[in-house]
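Asks: Based on the hints, put chain R in the right spot on chain A.
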Amino acid sequence: MAWTKNVLRVNLEAGTCTTEPLNMQWAQDYLGQRGLATKYLVSEIDPKVDPFSPKNKLIFVTGPLTGTMAATGGRYSVVTKGPLTGAIACSNSGGYFGAELKFAGWDMVIFEGAAPKPVYLLINDGKAELVDASHLWGKTVWETEETIKTQHQDPQIRVAAIGRAGENRVLYAAIVNDLHRAAGRSGVGAVMGSKNLKAVAVRGTRTDAYQMANPEAFFAATEAGKKVLAANGVTGQGLPTYGTQVLMNVINELGALPTRNHREVQFEGAHDISGEAMHEKRPTDGKANLVTNGACFGCTIACGRISRMDPGHFSIKDKPQYHGASGGVEYEAAWALGAANGVNDLEALTYANFLCNEDGFDPITFGATVGAAMELYEMGVLTEKETGLKMPFGSTEALVKLAEMTAKGEGFGKIMGLGSKRLCTKYGHPELSMTVKSQEFPAYDGRALQGMGLAYATNNRGACHLRGYMVSPEVLGIPVKMEPQATEGKPAMLKAFQDLTAVVDSAGICLFTTFAWGLSDIQPQIQAACEGDWSEERLLLVGERIWNMEREFNLAAGFTAKDDNLPPRLMKEPAKTGPQKGAVSKLDVMLPEYYQVRGWTKDGVPTAETRKRLGV
Amino acid sequence: MQKSLHIDPNKCTACLQCEMACAWENHRSFTIAKSRIKVFTFHKEGRFVPYTCTQCDEAWCMTACPVDAIRLDPVTGAKIVLEPTCVGCKVCTIACPFGTINYVASTGKVQKCDLCDGEPACAKACPTGAITYVDADWTGLGKMRQWAGKTDTNPATV
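Residue numbers (our numbering), protein chains in the order written: chain A, 1 to 616; chain R, 1 to 158.
Isolated chain A, as found in the complex (with noise of 0.2 Å):
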């Protein structure tokens, strides 16, 4: 009862919008959100398609607690076959977007075909309708929201756009809903836009479009939830007031901080872009840059940062539309930015970020090529005459210059908005593209911690922190210690966290919540929304499946065990300094544990006795 059994399906080639009854078997067996979206999606695509053509199809979906007051039910995801990577993409997002749909009667949205000409979305509750946006193509995220607003005369409209780096094939673009939250990895814009779909704009208001099954139950649980939240020292103190920024400093001291392409494992600027630092009054201005934190819609933690830049900073001086505030760096944002290609200028990093969201692309994906292709220019690979700039590690000059090409795909900037495997391949140098499966790694070293390795490295979108959070035990101690540079045990454990995750995805709600609570507190809230038995054991389950089902795909797609790698210099280079100095990865004792606690094949497939067990 609380999906809203609805699927709207949206044709772009013949321009038609058709309702159909959500699959009730497939929410009972993958939940919703994530895992259902992907059901959809593995069950209508050909997985050798190309992500370009449109024979892919996008798919915006919502769980059972999005739209809800279990704290964090606000999250929407968008489900395709990604560019950057040719594996299953799947990108979450908070903001208010996902909620409005719900409200709107709909528990997913799936785009199919491609427009002749850009269109947006228009859902008011039940009606849907395809408009032209040939007035809106070559327009940023921000000008396409005001001006949907502004057409229908309407402020409460929720939307989901992409900017010119959607537009553009940005191989990195995302999907930046309610100004500065994103779908934001693995390209999902760039699918977007290669669909000539601008915008999905949505005003919901109904009230009967779906129930808590057990609305007494739900608020004891969701209560219940809060209160853990609030209690918890991450997620009730460090997360408001640091936001994810709150690790800068503590993973650069752990000596897990990859640093210039990940030559280093500790940054000497760390605390210059540090959480602490934006609380600090700068010295040219007297104002700090971060003027408050926010929520996305539900939220009780309210981990997000909105920051003011300094006005007379170089990269804005001229620029008032930046003069206010928007939303700040995150910790992967700030690191992937910042650390990752050696600028520890707070104001650029914003500046930087500020233009990701205002043009729709990854900031991590973004920052880490950046800091691939200084590497090149300092090793002589590209010159200031290939790309115009002098770019060494530590050039603020030509962070900003980058950022302001890349989704406009200026000069050089076009190469950029390939990431660094495409870059780095282009100049005889595949190596030094920090990534697996083609996307770029967040904000841990992978020889540093070593379960966040594993974790990279079996990822099924390429290497991300969301899919299988080992910082959790390696750093934080949740839910048990594990050293970072120890190996037993953690295939086990990432398993464990990768189910979870798929759930947590799944349900609608945000992966944050889970530095506090434990499925023993989230399965309360599932079962009081959802019709039907939800037990812990059977959560673990579907989540198990989701996992298993992406790697299907994956395999369907063309990739091997081969792709569950990490890159030589994670095998071979020794960390530097730190705590975790002479580390290298020890993936080759991991790996083939994790198969095992799989049930996979020594091969990485699943085993006959695990698909059945799983019904995959």
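If you're looking for bench data, these hints aren't it; they were derived computationally from the structure. All values reported here derive from a predicted model rather than from experimental measurement. Where is the CB? At the ideal position from N, CA and C, for every residue including glycine. A few of these clues could be false.
[Said to hold, decoys possible] SDA-like cross-link-like pairs, simulated, lysine to any residue; straight-line CA separation at most 25 Å: (1) K127/A / H27/R; (2) K11/R / G286/A; (3) K38/R / P215/A; (4) K124/R / A224/A; (5) K562/A / R611/A; (6) K11/R / P155/A; (7) K44/R / P283/A; (8) K149/A / T41/R; (9) K11/R / A217/A; (10) K11/R / K562/A; (11) K150/R / V291/A; (12) K11/R / W60/R; (13) K109/R / N124/A; (14) K127/A / Y103/R; (15) K287/A / V104/R; (16) K124/R / G236/A; (17) K149/A / V104/R; (18) K408/A / E384/A; (19) K124/R / D521/A; (20) K143/R / T241/A; (21) K38/R / T150/A; (22) K124/R / P283/A; (23) K44/R / D318/A; (24) K44/R / K562/A; (25) K109/R / T207/A; (26) K124/R / K127/A.
[Unchecked claim] DEER-style ranges, computed between Cβ atoms: (27) L476/A / D137/R: 56 to 62 Å; (28) K90/R / G15/A: 37 to 43 Å; (29) E45/R / T607/A: 37 to 43 Å; (30) H271/A / T93/R: 50 to 56 Å; (31) M144/R / T19/A: 24 to 30 Å.
Replies: Only chain R this time, still in chain A's reference frame:
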């Protein structure tokens, strides 16, 4: 003692738990379009401000109503819309200087904050204390305390 909703925008994060709680209380739905309290985001200033009816003593909505459908709850001080009496003429929405009484197309009546019979759901749901329900005569107490804390009581130590 009469109580009053007290709003401190500095504490608001725009999570909208208050809007959901209000919609649930009155419509058994989380659909925030039906909420009587509204959180406004001033994006460029980085400010979030919850806003709802302040229950004016001289309530113009009540005065303007031609069918006497808005009554005073003597216990809470709330001005309450009597739905069966309301004819949906919307004159009150014009009379209210603050915009906090609004028409609901699906019911054909107006709605406004009624303080939930003295237990406002929004205040209960607010996780940051941005919305509280306090002594109506002392809504300034927190601010007074804040400034009092800055008062220099021992100049000799400076």
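Asks: Are the hints correct? Go through all of them and say.
Replies: Now the hints, each set against the structure:
1. K127/A / H27/R: Given that 25 Å is the threshold and the Cα spacing comes to 22 Å, the pair holds.
2. K11/R / G286/A: holds, 23 Å
3. K38/R / P215/A: Judged against 25 Å, a Cα distance of about 23 Å means the pair holds.
4. K124/R / A224/A: Cα-Cα ~14 Å, so holds.
5. K562/A / R611/A: holds, 21 Å
6. K11/R / P155/A: holds, 24 Å
7. K44/R / P283/A: holds, 22 Å
8. K149/A / T41/R: Roughly 15 Å separates the two Cα atoms, so the pair holds.
9. K11/R / A217/A: With a Cα-Cα distance of about 29 Å, the restraint between K11/R and A217/A is violated, given a limit of 25 Å.
10. K11/R / K562/A: The given pair, whose Cα atoms are some 51 Å apart, is violated under the 25 Å limit.
11. K150/R / V291/A: The given pair, whose Cα atoms are some 22 Å apart, holds under the 25 Å limit.
12. K11/R / W60/R: Status violated; Cα separation ~30 Å.
13. K109/R / N124/A: holds, 22 Å
14. K127/A / Y103/R: holds, 22 Å
15. K287/A / V104/R: violated, 44 Å
16. K124/R / G236/A: holds, 18 Å
17. K149/A / V104/R: Judged against 25 Å, a Cα distance of about 21 Å means the pair holds.
18. K408/A / E384/A: Between K408/A and E384/A the Cα gap is close to 20 Å, so the pair holds against 25 Å.
19. K124/R / D521/A: holds, 21 Å
20. K143/R / T241/A: Status holds; Cα separation ~22 Å.
21. K38/R / T150/A: holds, 20 Å
22. K124/R / P283/A: The given pair, whose Cα atoms are some 41 Å apart, is violated under the 25 Å limit.
23. K44/R / D318/A: holds, 17 Å
24. K44/R / K562/A: Roughly 48 Å between the alpha carbons, so the hint for K44/R and K562/A is violated.
25. K109/R / T207/A: Holds. K109/R to T207/A sits at ~16 Å (cutoff 25 Å).
26. K124/R / K127/A: Violated. K124/R to K127/A sits at ~35 Å, over the 25 Å cutoff.
27. L476/A / D137/R: 56 to 62 Å: Check failed, 46 Å falls outside 56 to 62 Å.
28. K90/R / G15/A: 37 to 43 Å: holds, 38 Å
29. E45/R / T607/A: 37 to 43 Å: violated, 58 Å
30. H271/A / T93/R: 50 to 56 Å: Cβ of H271/A to Cβ of T93/R: about 54 Å, so the range 50 to 56 Å holds.
31. M144/R / T19/A: 24 to 30 Å: violated, 57 Å
Hints 9, 10, 12, 15, 22, 24, 26, 27, 29, 31 from the list above are not met by this structure, while the remaining hints are.
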